[in-house]
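Participant: In short: position in the sequence shown from 1, add 51, done, that's my numbering.
Don't take each hint at face value.
What the hints assert, rightly or not - Under the rule of at most 30 angstroms between Cα atoms (straight-line distance), these lysine-lysine pairs were calculated in the BS3-like manner:
1) K300 with K165
2) K300 with K153
3) K153 with K317
Note that these hints are calculated values from the structure, not bench results.
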Amino acid sequence: GAKVCSRRVKPIGVAASTIKSRSGSILFFLTGVIVVLLWLVTLSSYILDQIVLPRFEANHDGSKRVRPEQCTEDDITSDDIDDILVDPEEDSLYSIRRMVLKHGAVLVPSVLSKETASTLRQTIQSSHHTQQDRDDFYVLEQEGRRRRLLNFNEDEVFGRALNEIATHEIMRPLINEIAGPDAALVGLFSITNTPESEAQPWHSDNQFDKSRRQYPDDYHRVYSIVLALQDTTEDMGTTAVCLGTHHCKALSYEAAEYCIDEVEMKIGDSLVFDADIFHRGGAHYDLGGEDRVMLFVVVAASESPEDPRWLPTRYFQLRWDMFGHSIHDFVSPSKWTVWQALGLKRNQNVGYSFVSYVLRLIANKMVWRFQFRGKNYAIDWDTVEDFWQQTLLISSVVTCIWVTWWGISRFAGTVMAKGRRSNAKKTL
52 GAKVCSRRVK PIGVAASTIK SRSGSILFFL TGVIVVLLWL VTLSSYILDQ IVLPRFEANH
112 DGSKRVRPEQ CTEDDITSDD IDDILVDPEE DSLYSIRRMV LKHGAVLVPS VLSKETASTL
172 RQTIQSSHHT QQDRDDFYVL EQEGRRRRLL NFNEDEVFGR ALNEIATHEI MRPLINEIAG
232 PDAALVGLFS ITNTPESEAQ PWHSDNQFDK SRRQYPDDYH RVYSIVLALQ DTTEDMGTTA
292 VCLGTHHCKA LSYEAAEYCI DEVEMKIGDS LVFDADIFHR GGAHYDLGGE DRVMLFVVVA
352 ASESPEDPRW LPTRYFQLRW DMFGHSIHDF VSPSKWTVWQ ALGLKRNQNV GYSFVSYVLR
412 LIANKMVWRF QFRGKNYAID WDTVEDFWQQ TLLISSVVTC IWVTWWGISR FAGTVMAKGR
472 RSNAKKTL
């Protein structure tokens, strides 16, 4: 016989009530998820502020240096380039170190071979054409200047250049003396000056109130190793330095008259200077001449639990994947990995990891400049902190609303259940 299928159909009012009840439950559940997420943010904020960030905050212990507002001509230690020119045959490591500490700079000849410097220059110049502006980064007086953050895995010549720096008979012992035997890499970039580029103003690379210039006992020194990739003449815009100003807050106009405006360099020569010293890049007057391309390798003392001093928080000028490396990696740069940059691989390397860098920026409320998809961005952590506090306020308000809603719904559900039980008893 034929089978008759029957289905129990709920009354329309019951079905509508069920749908409404389920919608309310789903909304209640989603609101609860949001509250949990917001409170996870609150908990992570507390852990970050109270436990993590204090380890990366530069704490000044009262060693603030009392300095005049400006350097005068009396603070200039020399206006003669010969006083910082290293003679490999005559100068001892001790005397070279004294030059750096007294004047804030030395000029070391023939650090890179001519072949390496020339090939490196061609590689950097070619990358400007092939990669366009993808890796260009901010530089003072940017018109006519291109600064590119480098990755030394890009080409064999990059590794060769680093190896020549790390094995140079003067440069490696000098780095060991002024930045320590485990000197960390904190900057790696090139600057290209094209004809018609203007002169930069006198400036220091470190922020005054977050460096040795104001807190000499609390911060490490940072040293820039600037390498000429061609013969550099005055018309091409040489680097200028004010010797002895690495202890000063500002530079007076009178003192600037005693600075060395023309530090001419041969291909492969290196100017090593304290990042606190006042210096500038000159104007490129040779309209028909070639570009001036300079390689910058910046080093500083590495992190150490025995040394409480801090690194000036503003200075890191690296691609994110170049963090976490030290002078030990200069000898064999092929071993550099992303794991090392993130601080997950720690053998001889004692460099500053990218994670450590970001936490330092947050802890000291510094501006984070970075690149993404060919564009430069900046995050002000003061603004981020304000946004964070607003998020915590919103999470508190939403939580109060959710708890109130939960309490009312529970109370209403209890009252309605008692009413239904009471009606059922009356019906019986």
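Participant: Look at each hint and say if it fits the structure.
Facilitator: Comparing the hints with the structure gives:
1. The straight-line distance between the Cα atoms of K300 and K165 is roughly 38 angstroms, outside the 30 angstroms bound, and the hint therefore fails.
2. With a C-alpha separation of about 17 angstroms, the suggested pair K300 and K153 falls inside the 30 angstroms cut-off, and the hint holds.
3. Distance restraint check for K153 and K317: the Cα-Cα separation of roughly 24 angstroms lies within the 30 angstroms cut-off, and the hinted pair is therefore satisfied.
Checked against the numbered hints above, the structure breaks only hint 1 and satisfies the rest.
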